[in-house]
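Student: Chains as they are written, first to last, in the numbering used here: chain B, -7 to 382; chain X, 28 to 422.
Everything labelled a hint here was simulated from the structure, so no lab data went into it.
Don't take every hint at face value.
Said to hold, decoys possible - Once the Cα atoms are required to be at most 30 Å apart in a straight line, the calculated DSS-like pairs of lysine-lysine come out as:
id, chain 1, residue 1, chain 2, residue 2
1, X, Lys360, B, Lys37
2, X, Lys414, B, Lys211
3, B, Lys370, B, Lys42
4, X, Lys360, B, Lys370
5, X, Lys203, B, Lys42
6, B, Lys211, B, Lys130
7, B, Lys209, B, Lys(-2)
What the hints assert, rightly or not - These stretches of chain X come out as covered by chain B in the derived footprint (C-beta under 8 Å, 3 or more residues):
id, segment
8, 65 to 72
9, 156 to 168
10, 324 to 333
11, 339 to 352
12, 372 to 378
Stated by the list, open to error - Quick look at which bits of chain B chain X covers, simulated, 3 or more residues with Cβ under 8 Å:
id, segment
13, 8 to 22
14, 30 to 39
15, 129 to 140
16, 167 to 176
17, 298 to 304
Every residue, glycine too, gets a C-beta built ideally from N, C-alpha and C.
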Amino acid sequence: MRENIKAVGALMKREIRMLAGRRIYWFVMVFAPLFCFLFFMDLLKDGLPKKLPVAVVDEDNTTTSRSLVRSLNAFAQTDVVMRTANFSEAREALQRGEVYGIFYIPADFRRDASTGSEPVLSFYTNDTYFLAGSLLYKDMRMQANLANGAVQQTLLLARGENQPVLAAKLMPVVLDTHPLNNPWLSYSIYLANFLLPAFLCMFVMFTTVYSISDEIKRKTSKEWLRVGNNSIVVALLGKLAPQAIVFTAMGMLYLSLLYGYAHFPLNSGFFPMFLAMVLMILSSQCFALFVTGISRRSRIALSVCALWGVLSFSICGFTYPVRSMPELAQIASNLFQMRHYFLIYVDQALNGIPLIYSWLNYAALIVFLFLPLFILPKLKQDLLEFKYLP
Amino acid sequence: MFFWTDIYYVFKREFYSVFRDHAVLTFFLALTLAYPVVYTFIYSNEVAHEVPVAVVDHSQSSASREFVRNWDATASVDVVARCADMEEAKMLMYKKDIYGILEIPENFSRNIALGEQAHVSLFCDMGALLNYKALLMTGTDVALQMSKDIQIRGMEYATKITEEIKASPVKIQDVKMFNPQGGFTSFLIPAVLILVIQQSLLLGVGTIAGTERDRRRKGSRLPVGCHFCRPVRVVLGKAFAYLPIYFVMGYWVFFIVPRLFGMTQIGERGELMLFLFPFLLACAFFAIAMSFLSREREMPFLIFVFTSVPLMFISGISWPKSAIPEYWVWFSKLFPSSYGIDGFVKMNNTGATLSEVLPEFWGLWILALVYFIVACLLYKIEYRKLKNKKDLVIS
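Next comes chain B alone, as it looks inside the complex (with noise of 0.2 Å):
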């Protein structure tokens, strides 16, 4: 047993002197995950895109029009940068992605809502681009339903209604909305918590199928069992223990980060997401082990590796939901550590619900820990006799 502690160790120190001499695991655990950071939090630093260009085509060009041109501009999310009274002008710029959308005013706006001829507001977004199309929708809805109130609120007042009676005429029915724990609709705090730690999950997969790999390209495999006394237990906890301590401390530092210093919502208190970050973080490498493990070709694995970490962004729902996806997708969507972790964050550091209702995305992770074991002989022998394969 203690001669085996002692492997570990030397075997921790022969890993550590070969991680810090190559310039490629200085990128992948260091510099690439510093830069997905700094990257991604200055690109959504202000939560939500602001002033989002539109066109204006106002036809109409009276008092009653231009009011609501400056009203659909004080919006915090739009910005009026064309004003004209040709929609075909308006539709160019929209194609050449100027603007996002418009908004059409119709001639004889004015006369046609002051003698109820029923005038027809229109706008115009593009879907094309989602984000911005939804965010524009909104506004544009909204001012448009304004408008419309504008209109009545004037009548009304004509016929000598008073304020609050006047609101719930204008509005009898009223809907509140409380977006639960993020009421700012952020989404740098949507996009950040689940982006970066998806980047260090396909960090620590292809750290450790390459490292791996390496020992046999450079046929220092049989010296590598040799120093963890032919044990491929204690070997590959020589190997990976240095690396999963890097990485461990690279995802605390985004945990700080996140919920430290750009003040994201922690609900859970910080030891879920600690447990949930070390735990991902053992069972890429736990997955990653077991992909080396089956194939014989160390660029397969990483292949494999490499689909994981990028399925990863779309099949774990944090854009768009797994409930929507079909049947197959969904039930796939179980076999990726993110998912699980996605689910953890959801209840815990967002809702801050009881612990109890994640355990099993916990015991999912888990049991990406056990994984290895079935390949253990297997990746022994091949470190002994195996040849490296291009």
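Got chain B; can you put chain X on it based on the hints?
Tutor: For chain X alone, kept in the frame of chain B given last:
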């Protein structure tokens, strides 16, 4: 004359090495064939349908039941539970049985009857914004419609038409352009298609370069004749080997995949091809230039795979360009994919003509030229290094 024989020699060798190496084939063919299909499959339902919600109805009146009925009738909402109190509903939310709670207060119908404003509250789980959006939109619609009905009921002695006009003097019409379902596929997939081309080239060419360096390190001498002396010829030869493959793959990715999945496709085909040519060229030279980063066969994974996501974000598709800081916009101009996505989306999805995407079109030509020069320079440096080491057999 030697110019073309050298190019032909390099081309032939590169072409062989693409088809002999399964790793490269996986990137060039399998990845580009399969990836768009997988993505489209995941997003094939386009929008969030029938989001399960619970209703806590304290009012228990015909008005409140009408609200719930109308809400449930929309395609986005499915009322799966009626709870006696908020606690019960919260438990369901914890269990992920529902993603939203609608609470109707006790005084709901009384307020309506008294002509006061009646409020309903919608609580949403913010784990998935798409669910929130679906619930909010339909909820607002129902509230507006009901408001209108109540207004009309309040007007006695009015004809049907004056009722309608008084309740909504202005008609509202909204048009979702170029993506009529407001769906996810039509918005995300075009960008994915462009990125797949660039990234698969990066990975494939990186693998070829890494393998060559691996062999060199092992000491096996390169079978390099003077066909490899002149950087311009080598870079051109390599690019000519990738381009025909990518013309075929490009046709699949840009024309067949969108048609298979019924995506918006209103661009003029000839013009689109004219636009995609400089894109493929820029990608090929970009990949050759970047392949100098890959010192080993396995390295492209570690260097290139993760860049897809940041590239997606700075292209202006996921995150509106007007909200991207200036310096990142400049940074994005270094990558063919940014111009490619911009131009392709504008032409393919919004029906712009080539003359409307000229900035992107010329941007791609400039990038192609820049990366061609960079690739030549890098090759020259490496070649000189190798010659100094006397690793080459000059025949």
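Student: Each hint: holds or not?
Tutor: Hint check:
no.: 1; hint: X:Lys360 to B:Lys37; verdict: 21 Å, holds
no.: 2; hint: X:Lys414 to B:Lys211; verdict: 28 Å, holds
no.: 3; hint: B:Lys370 to B:Lys42; verdict: 56 Å, violated
no.: 4; hint: X:Lys360 to B:Lys370; verdict: 48 Å, violated
no.: 5; hint: X:Lys203 to B:Lys42; verdict: 20 Å, holds
no.: 6; hint: B:Lys211 to B:Lys130; verdict: 61 Å, violated
no.: 7; hint: B:Lys209 to B:Lys(-2); verdict: 26 Å, holds
no.: 8; hint: 65 to 72; verdict: holds (count 7)
no.: 9; hint: 156 to 168; verdict: holds (count 8)
no.: 10; hint: 324 to 333; verdict: holds (count 8)
no.: 11; hint: 339 to 352; verdict: holds (count 12)
no.: 12; hint: 372 to 378; verdict: holds (count 5)
no.: 13; hint: 8 to 22; verdict: holds (count 3)
no.: 14; hint: 30 to 39; verdict: holds (count 6)
no.: 15; hint: 129 to 140; verdict: holds (count 7)
no.: 16; hint: 167 to 176; verdict: holds (count 8)
no.: 17; hint: 298 to 304; verdict: holds (count 4)
Taken one by one, the earlier hints fail for this structure at numbers 3, 4 and 6, listed in ascending order.
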